[in-house]
Amino acid sequence: MITLKNVSKWYGHFQVLTDCSTEVKKGEVVVVCGPSGSGKSTLIKTVNGLEPVQKGEITVNGIIVNDKKTDLAKLRSRVGMVFQHFELFPHLSIIENLTLAQVKVLK
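Note that full-length UniProt numbering has the sequence shown beginning at 1, numbered continuously upward.
Keep in mind that the hints were calculated from the coordinates and are not lab data. Just so you know, even glycine gets a beta-carbon here, dropped at the ideal spot from N, CA and C. One should not assume that every hint holds.
As the list claims (entries may be wrong) - Straight-line distance between alpha carbons at most 20 Å, and here's what the computed PhoX-like set of lysine-lysine pairs gives:
no.	residue 1	residue 2
1	68	45
2	5	68
3	40	68
4	69	5
5	55	68
Unchecked claim - Estimated spans, in silico, between C-beta atoms of each pair:
no.	residue 1	residue 2	range
6	97	10	13 to 21 Å
7	91	5	35 to 43 Å
8	93	48	18 to 26 Å
9	69	93	34 to 42 Å
10	91	18	34 to 42 Å
11	26	93	18 to 26 Å
12	90	13	35 to 43 Å
Based on the sequences and whatever the hints tell you, model everything.
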């Protein structure tokens, strides 16, 4: 399960995320959509610990992502993401592109 509680993120003086809160349960499929610059990529990067947040809390399966004690390498071995312009294989389906990294890590 992924939980965001009042998550906010700034780049300098520009606030990208403002008090974002949601919960994604195991097995749910969620689509994050919006115009360019709306914070979609930033939101996903915060869930994986690739971007720090200035306010709020993110948990993945009970692990607090933005806790300095969290082993992010271990967390990332269980949380996959696909960047929008890099490393997609045209001969694979969408689901195969999304799960390829996880299959390789978990074997």
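TODO: Determine whether the Cβ-Cβ distance between residue 90 and residue 13 falls within the hinted range of 35 to 43 Å.
DONE: For residue 90 and residue 13 the Cβ distance comes to about 40 Å; the hint holds.
Has the given pair, residue 69 with residue 5, been kept, meaning a C-alpha gap of at most 20 Å? holds, 19 Å
Residue 68 and residue 45: Cα distance at most 20 Å?
Satisfied, since the Cα-Cα distance of roughly 16 Å is no more than 20 Å.
Discussion item. Taking the Cβ atom of residue 69 and the Cβ atom of residue 93, is their distance within the range 34 to 42 Å?
Written reply: For residue 93 against residue 69, whose Cβ atoms are near 38 Å apart, the range 34 to 42 Å holds.
> Is 18 to 26 Å a correct range for the gap between the Cβ atoms of residue 26 and residue 93?
Replying inline: Cβ of residue 26 to Cβ of residue 93: about 22 Å, so the range 18 to 26 Å holds.
Hinted pair, alpha-carbon criterion (20 Å max): residue 40, residue 68. Please report holds or violated.
violated, 24 Å
>> Can you confirm whether the C-alpha distance between residue 55 and residue 68 stays at or below 20 Å?
In response: holds, 14 Å
Looking only at beta-carbon atoms, does the pair residue 93, residue 48 fall within the given range of 18 to 26 Å? Check passed, 23 Å falls within 18 to 26 Å.
Do the beta carbons of residue 97 and residue 10 sit within 13 to 21 Å of each other? violated, 31 Å
CB-CB spacing for residue 5 and residue 91 relative to the 35 to 43 Å hint = With Cβ atoms ~40 Å apart, the hint holds.
**Given pair status - residue 68, residue 5, alpha carbons within 20 Å** = holds, 17 Å
Evaluate the given range 34 to 42 Å for the C-beta pair formed by residue 91 and residue 18. The hint (34 to 42 Å, Cβ to Cβ) holds, given that residue 91 and residue 18 are roughly 40 Å apart.
Of the numbered hints listed earlier, those contradicted by the structure are 3 and 6.
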